[in-house]
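J.: Residues per chain, in single letters:
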Amino acid sequence: MSGTDWRNLAISAALLGLAALLPVYGSPYWLTMGTTMAMFVVLATSWALFSGPTHYISLATAAFFGIGTFVTGLGFQSLPFWVLPPLAAVIGAVLAALVGLVTLRLSGVYFVIFTLGLAEMVRQVVTWVQNQTGHRGMYVLTSITEREIYWMLVALGALVFLAGWLIGRSRLGFALRIIGNDETVAKHAGIDTALAKVALFMVPGAVAAATGAILAPRYIYIEPSTAFAPLLSFQVVIMALLGGTGRLWGPVAGVIPFSLLWEAITRQAPNQTLLLLGIAFLVIVYLLPGGFVGLWERFRRRFGGRT
Amino acid sequence: MYRRTFTQLAAAAVALAAGAGMSLAQDTIRMGAAAPQTGPLAGGATVTHWPAVRLWVHQTNEAGGLQVGDRRMTIELVEYDDQTNPQQAIQAAQRLATQDQVDFMVAPYSTGMNLAAAPIFAQLGYPMITGTAVTDQQPALAQQFPNMFFVLGRTSVMAEDTAHVLVGMRDRGEIGNRVALVNVADAFGIEMAGISRGVLEENGFEIVYESSYPLGTQDLAPVIDGAKAATPDAFIAWSYPGDTFALTDQAIVQNFAPHVFFTAVATAFPGYAARFGDQIEGVMGMGGVNADDAAFQAFAEAHMEFAGQAPDYWASAATYATLEILGQAIEATGSIDRATVLAYLQDRSHEYETILGPVNFNENNDNERYWTVGQWQDGVFRGIAARGRDGAVAAELFDGWN
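Residue numbers (the numbering used here), protein chains in the order written: chain P, 5 to 311; chain L, 4 to 405.
Since the hints were made in silico from the structure, they are not lab data.
Do not take every clue at face value.
[Unchecked claim] Not close to chain L: a few residues of chain P, all C-beta gaps over 10 Å, as computed:
1) Val-113
2) Leu-145
3) Val-189
[Claimed, not checked] Chain L regions said to be covered by chain P (calculated; three or more residues, Cβ under 8 Å):
4) 52-61
5) 102-116
[Unchecked claim] Label-pair ranges, simulated between beta-carbon atoms:
6) L/Thr-220 with P/Arg-11: 54 to 64 Å
7) P/Ser-147 with L/Ala-342: 43 to 53 Å
8) P/Leu-78 with L/Val-383: 35 to 45 Å
9) P/Val-133 with L/Ala-232: 44 to 54 Å
10) L/Asp-222 with P/Thr-137: 41 to 51 Å
11) L/Thr-220 with P/Ser-147: 30 to 40 Å
12) P/Arg-151 with L/Gly-219: 49 to 59 Å
13) L/Gly-219 with P/Val-106: 22 to 32 Å
14) P/Val-106 with L/Asp-222: 47 to 57 Å
15) P/Val-133 with L/Asp-222: 14 to 24 Å
16) P/Gly-30 with L/Asp-222: 48 to 58 Å
17) L/Gly-219 with P/Thr-137: 20 to 30 Å
18) P/Gly-30 with L/Asp-30: 49 to 59 Å
C-beta: ideal position from N, C-alpha, C; glycine also.
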């Protein structure tokens, strides 16, 4: 590892520590905000791991997230809780692999539409199964506190960053950047593009499912219409793009200001939230086409930093 | 240019932020309310939740406020939209409590949002009197959230009573044994259909047609078609607002008119009557009120005048009653200290006078007196079955879409 690596590692560790200690120095209000932000950081960062280099816009986050909440909903009474997020991750990864094998040969808008449909399809399948088995509404009543949920999300976030860092340095990460730039060239260079894409698509799938499993005790009442709400998929994409997907830290730089902005709008204009949010988003897109990462790189170029 | 616009926007936001958070003279009680104004449940909340909440605040302030000890205190209502999103419901409750520092909070709208917000209410010691949470988990919930109270009743009991209405009609020789049973395919519909099927089969009914449809299905013609072909005496649909309207629509189109026509949620909505007029005479639905009771009629009239729309014949009154209960607990304790008021509510010997009639809570914080089944009779949705409430009228045969 080079000196820069050590420096980045130190900064990351310090920031992680700062995040992990939020319940100690922050008020309950900030813990609630922090939990929401941690959730979006995890989802947006893992989303960008795949969609950043490949430029495949996936709207499947809600599908995997919903599956995760149902894993907890079905399993929390018979299994210890710590088993559930990893179990959800495995199920999410397997599903992502299956979906990936079928769809990652699609490109552009076809892929986007398919992933959007996926959440709805999974929701209908879950509902159908519930209907066949006469299953009741699910109540996840546990003694897990918001603080514990927050810490689990921070830990998951640390894992995602570690995975992202490792992938970025691996042959897989390199292959994906080539695919993103030109898939035909990648194929001719001897890269098994389908395999590479499927392998990486499993990461956001697993992470989103684990996130859902962790958050189920927070929602308490699990029903398909809220567990698979498509809005979540869009929020994740918007936040990741606001931050920029070129760097590992990009999505974080999007999630935090976006969450604060959303909160400020909800607070000041409760009746016009979505309208003002749309306007704010337009302003952001016009001002920051490359996200905050793009802004940062421009800033560094202009003021003579290293490129 | 964009930059300048953005700067102006930012300046406006800062000005707004500075303007809020003032005016905190303590002759007002700050109440917070977060419920859907957008999202899937916004339609239901604008019929049932918001007008009832605002009406209570308006009426209380008109009357000079609540008598708290030796002071009159008016109510200031802080509203947020939870976007029908549990994440937002949690954040809104937290924001109301810790940022706006409201003295009390109105419970959210719908079972899902209430349960999502429940840990915040419990953690910060806010009484949570729900008017739209229906569940069968009261004992477990009351143990986990001892500050949570349930006014609307239990779903399982409503499913049972609906079946018992049919049993009664059959035993009186008014209808035969054949029932068509359909449900919306989500937790609510599945559960309700299961319970009513059990009671019906136990009592020797024959389920001649059974079907379910996914939530959000637009075209319910095949369901009505199938039910009609089975020539049932009674049609029971455990439906949500959208499908309640669609099923009724199709039944009229296909002239499917069994002796009992029951649709569940939203049958009691004023919009249902507005849409179908007197064609729905005899249609049964979930919930109900004592429509002939003077207190309810006064409420309905005030609701009409204040909000420009009639209340629904079920949860509107329950939502209003939750605030009556809270107000009475505040006045009785003479305090706006949450712990004191909560302790008063948790004392099960207290009884509250509401537009639903007297309400008290059992050991599971559960109101045991509520309406379960209603029927449109002479343009009014009257309760035909209830637990612990007087004034139920006899069920009538449905005599077709006239």
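J.: Hints first: check each against the structure and report whether it holds.
T.: Each hint tested on the structure:
Every C-beta of chain L lies more than 10 Å from that of P/Val-113, the closest at about 24 Å, which supports listing it as non-interface. The Cβ of P/Leu-145 does not lie farther than 10 Å from every Cβ of chain L; its closest approach is about 5 Å, which violates its non-interface assignment. P/Val-189, annotated as away from the interface, keeps every beta carbon of chain L farther than 10 Å; the closest lies near 36 Å. With 0 residues bearing a CB less than 8 Å from a CB of chain P, the stretch 52-61 of chain L misses the requirement of three and the coverage assertion fails.
With a threshold of 8 Å between beta carbons, the proposed coverage of the stretch 102-116 of chain L by chain P holds, since 3 of its residues qualify and at least three are required. Between L/Thr-220 and P/Arg-11 the beta carbons are some 57 Å apart, a value that agrees with the proposed interval 54 to 64 Å. For P/Ser-147 paired with L/Ala-342, a C-beta distance near 22 Å fails the hint of 43 to 53 Å. Restraint check, P/Leu-78 to L/Val-383: a C-beta distance of roughly 44 Å satisfies the suggested window 35 to 45 Å.
At roughly 28 Å, the beta-carbon separation of P/Val-133 and L/Ala-232 lies outside the given 44 to 54 Å, and the hint is violated. For L/Asp-222 paired with P/Thr-137, a C-beta distance near 26 Å fails the hint of 41 to 51 Å. The hinted window of 30 to 40 Å between L/Thr-220 and P/Ser-147 holds, with their beta carbons roughly 39 Å apart. In this structure the supplied range 49 to 59 Å is violated for P/Arg-151 paired with L/Gly-219, their Cβ-Cβ distance being about 37 Å.
For the pair L/Gly-219 and P/Val-106, the supplied restraint of 22 to 32 Å holds, since their beta-carbon distance comes to about 25 Å. At about 29 Å, the beta-carbon gap between P/Val-106 and L/Asp-222 misses the expected band of 47 to 57 Å. Checked against the hint of 14 to 24 Å, the pair P/Val-133 and L/Asp-222 passes, with Cβ atoms roughly 23 Å apart. A hinted range of 48 to 58 Å holds for the C-beta pair P/Gly-30 and L/Asp-222, which are about 50 Å apart.
Remark: the range hint 20 to 30 Å for L/Gly-219 to P/Thr-137 is upheld by a beta-carbon distance near 21 Å. Remark: the range hint 49 to 59 Å for P/Gly-30 to L/Asp-30 is contradicted by a beta-carbon distance near 33 Å.
Checked against the numbered hints above, the structure violates hints 2, 4, 7, 9, 10, 12, 14, 18; every other hint is satisfied.
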